Amino acid sequence: MDKLRLLFQFLQANQESFMNGLCGIMALASAQLYTSFEFTCPCLPEYNYAYGIGILLVPPIWFFMLGFVLNNNVSMLTEEWKRPAGKRDKDPKVLRYMLCSITQRSLIAPAVWISVTLLDGKSFLCAFSARFDLHQFRNHSHEHLPDRELSRLLARIPCKDVFDGHDVIAREAASRYIRCISQACGWMFLMLITCLAFTARAIRPCFSQAIFLKTKYWSHYIDTERKIFDQMCKDHAKSFAKIGIQRYFHSISGEIFNGEKLNKKHKKDDDDDDGDKCDEEKLLGIHAEEDVNKVLWNWHTCKPALNLTRDSQTKSTHHKQTCKHLGC
Numbered sequence: 001m002d003k004l005r006l007l008f009q010f011l012q013a014n015q016e017s018f019m020n021g022l023c024g025i026m027a028l029a030s031a032q033l034y035t036s037f038e039f040t041c042p043c044l045p046e047y048n049y050a051y052g053i054g055i056l057l058v059p060p061i062w063f064f065m066l067g068f069v070l071n072n073n074v075s076m077l078t079e080e081w082k083r084p085a086g087k088r089d090k091d092p093k094v095l096r097y098m099l100c101s102i103t104q105r106s107l108i109a110p111a112v113w114i115s116v117t118l119l120d121g122k123s124f125l126c127a128f129s130a131r132f133d134l135h136q137f138r139n140h141s142h143e144h145l146p147d148r149e150l151s152r153l154l155a156r157i158p159c160k161d162v163f164d165g166h167d168v169i170a171r172e173a174a175s176r177y178i179r180c181i182s183q184a185c186g187w188m189f190l191m192l193i194t195c196l197a198f199t200a201r202a203i204r205p206c207f208s209q210a211i212f213l214k215t216k217y218w219s220h221y222i223d224t225e226r227k228i229f230d231q232m233c234k235d236h237a238k239s240f241a242k243i244g245i246q247r248y249f250h251s252i253s254g255e256i257f258n259g260e261k262l263n264k265k266h267k268k269d270d271d272d273d274d275g276d277k278c279d280e281e282k283l284l285g286i287h288a289e290e291d292v293n294k295v296l297w298n299w300h301t302c303k304p305a306l307n308l309t310r311d312s313q314t315k316s317t318h319h320k321q322t323c324k325h326l327g328c
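With the numbering used here as the guide, the letters of the sequence shown map in order to residues 1 to 328.
No lab work stands behind these hints, which were simulated from the structure alone.
Distance condition first, Cα-Cα at most 27 Å in a straight line; then the derived BS3-like pairs of lysine-lysine: (1) 282 x 238; (2) 87 x 216; (3) 303 x 90.
Have a look at the derived ranges for each label pair, beta carbon to beta carbon: (4) 294 x 79: 12 to 22 Å; (5) 57 x 194: 18 to 28 Å; (6) 50 x 78: 26 to 36 Å; (7) 57 x 245: 47 to 57 Å.
Please read these numbers as outputs of a predicted model, since none were measured by experiment.
Just so you know, even glycine gets a beta-carbon here, dropped at the ideal spot from N, CA and C.
Construct all of the structure, not just a fragment, from the sequences and the given hints.
Next up, the structure:
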């Protein structure tokens, strides 16, 4: 358990590296999932296209949504977008930077799935075997074959074991032709996303780096502030609960014990005063349920301004009075 806790703390401290590693794992998982997936084309004119396109597009959409679900910054982005402005303005550039960062990581696994699927060619062959013009592979002695029967034969090209039109069309040649088109589309897709990534990398230094550094800094600040606030809440809740339980047991013991036993118990309790003082300090003067609720409400509605100068200490009293006046 200690090793797991240390690992979890390391991942929290290095969240960006963790998310990059997670995206890489998802990309490898998408490729492994495709290789272990048993592709079974229905070989029916009515269902081939829907099945092939579904295999090509539905899993990438699922991987894209999964990337958003596994990214902890999504909740932080939504919270920052929906929170009241209060004493701190919301910077749209920071929100846009966070959204772009999440989206870029979430697109890795879908891109890998589409690339592997197109390069393999099975789903493409299933989807378009009955839609491509394969006249050059047909036997000219069967040119007057009804369209319905021809469509049925073309839909069976992906299914080698059920194909029964070898005298009508050269199945192997038609299959290789469609797979070549699929692989060409796959390489074009890889070139497209590579060019887009290269263009984004090359163009970004052309813009003002000051704006980029500012947005990156404040996005990290929001993430760090949220973690520290959560940790402070945990420490305060732990001390609050500990002191409350201790006082509860002290009050109960006063009703049960009397005389000498009670005096001995009080002497024993005097040895724990140092621990109680430490817990009292962690409460920071917030001892009542109403005060805790008010602090949490004020943090959500009236976050303090980001000004850490000494003059801000004198302004904090004015801020408190303003919050009281506003009811926040």
